[in-house]
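Kindly produce the complete structure, drawing on both the sequences and the hints.
Residue numbers (the numbering used here), protein chains in the order written: chain A, 1 to 539; chain B, 1 to 466.
These aren't lab readings, by the way, just hints derived from the structure by calculation.
On a predicted model such as this, the values are computed, not experimentally measured, just so you know.
C-beta atoms are modelled at their ideal positions from N, C-alpha and C, and glycine is treated no differently.
Among the hints, erroneous ones may be present.
[As the list claims (entries may be wrong)] To give an idea of the interface, some chain B residues facing chain A are shown, with a C-beta separation under 10 Å as derived from the structure:
{"#": "1", "residue": "PRO13"}
{"#": "2", "residue": "ALA68"}
{"#": "3", "residue": "PRO70"}
{"#": "4", "residue": "THR74"}
{"#": "5", "residue": "GLY186"}
{"#": "6", "residue": "GLN208"}
{"#": "7", "residue": "PHE215"}
{"#": "8", "residue": "LEU332"}
{"#": "9", "residue": "CYS335"}
{"#": "10", "residue": "VAL437"}
{"#": "11", "residue": "ALA438"}
{"#": "12", "residue": "TRP439"}
{"#": "13", "residue": "GLY440"}
{"#": "14", "residue": "ALA444"}
{"#": "15", "residue": "MET445"}
[What the hints assert, rightly or not] Cβ pair distances, simulated, as ranges:
{"#": "16", "chain 1": "A", "residue 1": "ALA490", "chain 2": "B", "residue 2": "TRP407", "range": "25 to 33 Å"}
{"#": "17", "chain 1": "B", "residue 1": "PRO420", "chain 2": "A", "residue 2": "LYS315", "range": "56 to 64 Å"}
{"#": "18", "chain 1": "A", "residue 1": "THR161", "chain 2": "B", "residue 2": "LEU224", "range": "45 to 53 Å"}
If you want the building blocks of each chain, they are given just below.
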Amino acid sequence: MPSENQGLRSLIVAFATAGAFAAAASVVAEVGKRRAEEGYIEPPPLLLVVAEAAPWRSGSPPPLWRVLAPKGTPRVVEDERTGLVVAAEVEPEPEAVPTQEAAVGPSNPGDAAPADPVATAAPSAAAPTSLPTRAPAVPTPLIDADHRGMIPFYQALSRGTGLARAAHYGDSTIAADGITGTVRRRLQARFGDGGPGWVDAGLDPRWSARPDLGTKRTGEWETKSILLGGGNGRYGYGGVVSTAPPDGSLTITGAKGAKISSGTLTHFELWYQVGPGHGAFWANLDGASVGGAAADADARADTRLVSDVGEGYSKIAFGASGGPVPFYGVVMETAGPGVVWDALGVVGVGSRSFNYFNKAHLASQVERRRPELIVIQLGGNELGIPVLQRGDGHEYAPYYRAAVDLLRSGAPNAGCLIVTPLDQGTREGGTPMTKPAVKRQVAVQQKVAAEAGCAFWNAFEAMGGEGAIVAWGKRKPPLAWTDLLHLSAAGQDLVGQGLADAIEAGYDDWVATGGPDAAPPTPAEPPRGEVLPIPEPAP
Amino acid sequence: MLFSTFDYFLFLPLVAVAHWLLGSTRTRSWLLLVASAVFYLAWNPSDTLVLFYVGAAGYLAAIAIERAKPEQRTALLSLAAVAMLAPLCFYKYAHFALDNVAVLIPGITPWVPPKGHLPIGISFYSFQALAYVIDVRRGQPRERDPVHYATFLCFFPHLVAGPILRAHILLGQLKQDRVLTRSDVGQGIWRLCVGLGKKLLIADVLQQGIVDTVFTDPAAFTGLEVLVALYAYTLMMYADFSGYTDFAIGSARLLGFHIPENFDRPYQATSVADYWRRWHKTLSDWVRDYVYYPLGGSRGGGLRPYVNTMVTLVILGVWHGANWTFVVYGVLHGCAVALNRWWRKRPGWTEPRGAGLAWRWLLTFQFVVIARILFRSNDLGHAGEVATALVSRWDEVSMPRYSLHAWAVMLAGYGIHFTPKHWAIHARDRFADLPAVAWGFGLAMLGWACVHYGVGDSLAFIYYAF
Numbered sequence: 001m002p003s004e005n006q007g008l009r010s011l012i013v014a015f016a017t018a019g020a021f022a023a024a025a026s027v028v029a030e031v032g033k034r035r036a037e038e039g040y041i042e043p044p045p046l047l048l049v050v051a052e053a054a055p056w057r058s059g060s061p062p063p064l065w066r067v068l069a070p071k072g073t074p075r076v077v078e079d080e081r082t083g084l085v086v087a088a089e090v091e092p093e094p095e096a097v098p099t100q101e102a103a104v105g106p107s108n109p110g111d112a113a114p115a116d117p118v119a120t121a122a123p124s125a126a127a128p129t130s131l132p133t134r135a136p137a138v139p140t141p142l143i144d145a146d147h148r149g150m151i152p153f154y155q156a157l158s159r160g161t162g163l164a165r166a167a168h169y170g171d172s173t174i175a176a177d178g179i180t181g182t183v184r185r186r187l188q189a190r191f192g193d194g195g196p197g198w199v200d201a202g203l204d205p206r207w208s209a210r211p212d213l214g215t216k217r218t219g220e221w222e223t224k225s226i227l228l229g230g231g232n233g234r235y236g237y238g239g240v241v242s243t244a245p246p247d248g249s250l251t252i253t254g255a256k257g258a259k260i261s262s263g264t265l266t267h268f269e270l271w272y273q274v275g276p277g278h279g280a281f282w283a284n285l286d287g288a289s290v291g292g293a294a295a296d297a298d299a300r301a302d303t304r305l306v307s308d309v310g311e312g313y314s315k316i317a318f319g320a321s322g323g324p325v326p327f328y329g330v331v332m333e334t335a336g337p338g339v340v341w342d343a344l345g346v347v348g349v350g351s352r353s354f355n356y357f358n359k360a361h362l363a364s365q366v367e368r369r370r371p372e373l374i375v376i377q378l379g380g381n382e383l384g385i386p387v388l389q390r391g392d393g394h395e396y397a398p399y400y401r402a403a404v405d406l407l408r409s410g411a412p413n414a415g416c417l418i419v420t421p422l423d424q425g426t427r428e429g430g431t432p433m434t435k436p437a438v439k440r441q442v443a444v445q446q447k448v449a450a451e452a453g454c455a456f457w458n459a460f461e462a463m464g465g466e467g468a469i470v471a472w473g474k475r476k477p478p479l480a481w482t483d484l485l486h487l488s489a490a491g492q493d494l495v496g497q498g499l500a501d502a503i504e505a506g507y508d509d510w511v512a513t514g515g516p517d518a519a520p521p522t523p524a525e526p527p528r529g530e531v532l533p534i535p536e537p538a539p
Numbered sequence: 001m002l003f004s005t006f007d008y009f010l011f012l013p014l015v016a017v018a019h020w021l022l023g024s025t026r027t028r029s030w031l032l033l034v035a036s037a038v039f040y041l042a043w044n045p046s047d048t049l050v051l052f053y054v055g056a057a058g059y060l061a062a063i064a065i066e067r068a069k070p071e072q073r074t075a076l077l078s079l080a081a082v083a084m085l086a087p088l089c090f091y092k093y094a095h096f097a098l099d100n101v102a103v104l105i106p107g108i109t110p111w112v113p114p115k116g117h118l119p120i121g122i123s124f125y126s127f128q129a130l131a132y133v134i135d136v137r138r139g140q141p142r143e144r145d146p147v148h149y150a151t152f153l154c155f156f157p158h159l160v161a162g163p164i165l166r167a168h169i170l171l172g173q174l175k176q177d178r179v180l181t182r183s184d185v186g187q188g189i190w191r192l193c194v195g196l197g198k199k200l201l202i203a204d205v206l207q208q209g210i211v212d213t214v215f216t217d218p219a220a221f222t223g224l225e226v227l228v229a230l231y232a233y234t235l236m237m238y239a240d241f242s243g244y245t246d247f248a249i250g251s252a253r254l255l256g257f258h259i260p261e262n263f264d265r266p267y268q269a270t271s272v273a274d275y276w277r278r279w280h281k282t283l284s285d286w287v288r289d290y291v292y293y294p295l296g297g298s299r300g301g302g303l304r305p306y307v308n309t310m311v312t313l314v315i316l317g318v319w320h321g322a323n324w325t326f327v328v329y330g331v332l333h334g335c336a337v338a339l340n341r342w343w344r345k346r347p348g349w350t351e352p353r354g355a356g357l358a359w360r361w362l363l364t365f366q367f368v369v370i371a372r373i374l375f376r377s378n379d380l381g382h383a384g385e386v387a388t389a390l391v392s393r394w395d396e397v398s399m400p401r402y403s404l405h406a407w408a409v410m411l412a413g414y415g416i417h418f419t420p421k422h423w424a425i426h427a428r429d430r431f432a433d434l435p436a437v438a439w440g441f442g443l444a445m446l447g448w449a450c451v452h453y454g455v456g457d458s459l460a461f462i463y464y465a466f
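Structure representation (structure tokens):
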């Protein structure tokens with residue numbers, strides 16, 4: 001046989017073999033899909049593995065179709081600045097920007113409070129025209145019937161004196177202070193700079209950050225958080241307790257030589273724990289001592305050092321001497337009027353992580369901080385739990401509701417805002433897509449918000465809903481990381497802008513509908529400055 | 001059409017079988033031309049006009065130069081070069097140039113062409129067509145058959161990202177009565193498998209698992225994590241581009257063509273000059289033959305060879321993109337090559353061995369890795385952010401937060417890269433000895449592995465943009 005024929009026959013046999021395998025995988029995948037739709041049990045694992053290799057599935061364009069089909073748009077997208085290819089054969093950009101015509105909705109965002117959470121998850125139809133468009137994000141209003149979830153915060157904003165505080169609890173999406181930092185800047189620009197607010201004494205530097213601050217730590221601090229426990233139930237207001245070694249210290253300044261705050265910081269608090277075997281602590285503002293005492297006590301208790309400085313300060317330092325001292329965090333505030341937005345993210349936590357807290361301890365810590373709004377943005381680390389994999393996910397509601405109630409227990413009169421987790425993706429058969437559990441979780445959280453009297457903001461839909469994390473990752477600059485879980489700094493800012501837009505729009509609507517006149521006057525902020533040892537909470 | 005897609009693995013055997021069923025070389029060229037057109041049209045049909053223009057300009061220029069009087073040929077070549085490089089300059093460099101004019105002369109608002117996308121492969125086929133015209137000017141015979149000429153320029157395996165072929169290499173084979181041997185098929189499929197693995201199992205995994213994330217938010221990562229990401233990016237670039245070349249060489253082999261290698265384990269280089277002899281060899285050869293030698297090369301004393309080196313390396317850098325990052329990248333590499341030359345020219349210098357050679361390799365490799373910051377960054381500011389992140393937060397060192405998968409891929413990738421070259425040749429030959437059914441089964445298994453362990457939709461090859 002001529003060698004050319006040998007070669008051609010080998011070529012045909014080789015590609016026919018590979019093609020037969022691919023065709024078999026496609027058939028297996030298709031049969032498995034249909035049987036699953038008919039309610040049959042899953043096929044054996046080996047067939048599932050074979051089906052993974054299916055190069056074509058029903059519903060997809062036939063092979064080679066994209067090559068031969070008429071071209072409407074370029075198949076290569078390049079970065080404008082560098083010319084680098086950023087995507088090839090990309091899907092069309094998601095229709096993420098609602099037009100003015102499409103954005104017609106109720107004038108009062110609160111009117112959108114749903115009877116059926118799933119049905120009302122589409123936000124664009126409810127977006128009031130007052131919300132600005134920030135593509136690819138989707139303008140998304142708060143869902144807050146009669147503003148009942150936000151009234152205490154709105155009242156504090158409208159008061160014109162003192163501070164309006166929000167405690168924003170969350171996971172890694174909050175720990176980097178991207179979303180919260182943007183909300184803080186936006187609200188402070190409009191209502192006044194209340195200062196950085198609460199800062200944990202022990203941030204996990206790998207995920208947590210306060211980009212507006214610079215920190216310098218000496219000594220080997222030991223940090224415990226509600227992620228893994230180990231802190232005897234006492235993790236402070238932020239869910240993190242950090243024990244300074246003898247001679248350990250922490251210095252906080254503004255970032256990169258800037259001031260800590262655009263306002264004049266006049267109020268400082270240092271929250272710490274006394275207990276057996278503890279050393280003493282010290283604290284300086286701009287190098288001048290503002291106090292210090294022994295933290296040794298027969299029993300554990302939470303306390304704080306409070307200092308008011310008339311002329312302001314720009315640098316704080318505190319530490320331990322003579323023995324370890326557990327610190328929870330510091331408070332840096334102006335005299336107001338202004339907004340303080342505490343970023344209380346702990347990496348990796350979910351609703352049940354708050355069970356590590358001694359409940360009385362958490363309640364006393366939150367009560368002491370006196371927030372006018374509790375923001376809860378949890379669930380991003382819970383998408384894999386079994387109860388969210390089946391049915392409508394309603395079994396998830398008790399877990400989530402327990403965390404909501406626990407976090408509100410210290411400030412029952414504060415407002416409440418539930419923010420959903422961001423979109424998260426997975427790669428099914430190699431194709432990146434939104435995790436199926438996300439929509440179930442969002443629906444459950446919306447239902448819990450309605451039942452608990454909390455306002456609700458759908459961050460998932462604000463990103464554009466299903467597939468958003470994939471689309472955001474393809475933007476230039478990228479708005480999401482390629483792990484399909486986290487947003488880039490630019491993406492966090494975009495979500496923060498959306499949340500700030502929604503809060504401001506809600507506030508404006510509350511004012512426009514006579515909210516400040518109808519609501520009872522809020523009590524003046526109680527005097528602060530005293531040292532209040534808190535007794536050991538019941539275990 | 002991306003090489004690393006199922007579509008291509010249908011397209012290629014269809015074209016190959018049809019090609020071998022045809023009798024004459026010219027009919028085969030026609031088929032390859034049509035197949036190349038289909039392949040290229042799958043990207044963006046309007047780009048075909050630019051390709052046609054550059055190709056036609058080269059063909060006509062070669063005719064004009066051949067027919068012109070000797071004293072007119074250089075002028076004609078210059079004219080042809082301007083005409084053929086005009087689209088490249090317009091699409092790739094006009095914005096960059098005009099933006100910088102506006103910075104240098106405040107108050108002037110230059111006309112800026114509309115920002116379109118860069119026609120894919122324009123840098124490759126422009127250089128290839130220009131080389132053909134220069135070769136004709138230097139006395140090489142021109143190709144008289146427009147079909148063969150067009151096929152040489154548009155041959156789909158190398159059209160969009162090289163290797164950059166010299167006309168005589170491909171034209172000679174196009175006109176030969178080629179024969180497909182069993183060994184051709186075995187080795188061709190082996191190269192396809194290698195390319196598929198490099199692209200989908202290494203490059204895309206590292207890009208999605210480490211590189212893109214770190215370069216998106218460098219400040220969110222510790223210095224150690226940024227350093228690991230640079231090593232990942234360095235490997236990713238190699239796997240991506242050499243994977244493309246494997247596809248090109250393998251595809252061409254199934255059609256009976258032997259096209260030159262473009263890589264020779266570049267990270268084993270023991271000097272930066274050695275690196276450029278191993279990385280994108282056909283581009284390095286092009287600038288050597290058409291820029292460095294005409295400038296005088298290493299002839300002449302004093303600073304002349306150093307200046308020639310610097311000019312050549314800056315052109316190499318800027319070829320990759322219109323951005324100050326690539327200018328600085330070229331300058332850095334030029335300085336390194338010049339420094340190496342000066343070092344070797346010292347009296348009493350001898351070729352190092354043993355520990356000395358290892359030290360040279362280590363320095364070279366670290367230089368290549370760090371310089372990659374400029375290659376990947378969007379602009380100098382971004383490069384500064386990455387560099388700052390690289391030297392920051394070393395006091396927070398802990399295990400970098402990358403998946404076990406990404407770690408395993410990186411370690412395996414570097415491990416393979418540093419194995420002896422004859423191992424790869426031996427593996428290829430063993431594969432080629434297997435029955436054809438085993439080749440197909442191997443290809444299918446690799447496809448399954450790419451789905452199972454890859455990242456899904458294949459990403460574009462990085463060099464498509466150059």
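Status of the hints after comparison with the structure:
1. Look at PRO13 (chain B): its Cβ gets to within about 4 Å of chain A, closer than 10 Å, so that hint holds up.
2. For ALA68 (chain B), the suggested interface contact is broken, since its CB lies about 36 Å from the closest CB of chain A, more than 10 Å.
3. Annotation: PRO70 (chain B) was flagged as interfacial toward chain A, and the flag is violated, the nearest CB pair being 39 Å apart, outside 10 Å.
4. With a cut of 10 Å, the hint placing THR74 (chain B) at the interface with chain A is violated, because the nearest CB-to-CB distance is about 32 Å.
5. The interface hint given for GLY186 (chain B) holds, since its Cβ lies 7 Å from the closest Cβ of chain A, which is under the 10 Å cut-off.
6. Evaluation of the GLN208 (chain B) hint against chain A yields a held restraint, the C-beta minimum of about 4 Å falling below 10 Å.
7. Taking 10 Å as the C-beta contact cut-off toward chain A, the hint placing PHE215 (chain B) at the interface holds, the least distance being around 9 Å.
8. Violation of the interface hint for LEU332 (chain B) is found here, the shortest Cβ-Cβ separation to chain A being roughly 18 Å, above the 10 Å cut-off.
9. About 23 Å separates the beta-carbon of CYS335 (chain B) from the nearest beta-carbon of chain A, more than 10 Å, and the hint is not met.
10. Because the beta carbon of VAL437 (chain B) sits about 5 Å from the nearest beta carbon in chain A, less than 10 Å, this interface hint is met.
11. For ALA438 (chain B), the interface hint holds, since its Cβ comes within 10 Å of a Cβ in chain A; the closest pair sits about 8 Å apart.
12. Hint status for TRP439 (chain B): holds, given a least beta-carbon distance of 4 Å to chain A, under 10 Å.
13. With a cut of 10 Å, the hint placing GLY440 (chain B) at the interface with chain A holds, because the nearest CB-to-CB distance is about 3 Å.
14. Because the smallest distance between the Cβ of ALA444 (chain B) and any Cβ of chain A comes to about 4 Å, under 10 Å, the interface hint for this residue holds.
15. Taken as an interface hint, MET445 (chain B) checks out: its beta carbon lies about 8 Å from the nearest beta carbon of chain A, inside 10 Å.
16. A hinted range of 25 to 33 Å for the beta carbons of ALA490 (chain A) and TRP407 (chain B) is consistent with their spacing of about 27 Å.
17. Distance hint check: the CB atoms of PRO420 (chain B) and LYS315 (chain A) are about 59 Å apart, consistent with the given range 56 to 64 Å.
18. Our hint of 45 to 53 Å for THR161 (chain A) and LEU224 (chain B) holds, since their Cβ atoms are close to 48 Å apart.
Hints 2, 3, 4, 8, 9 from the list above are not met by this structure, while the remaining hints are.
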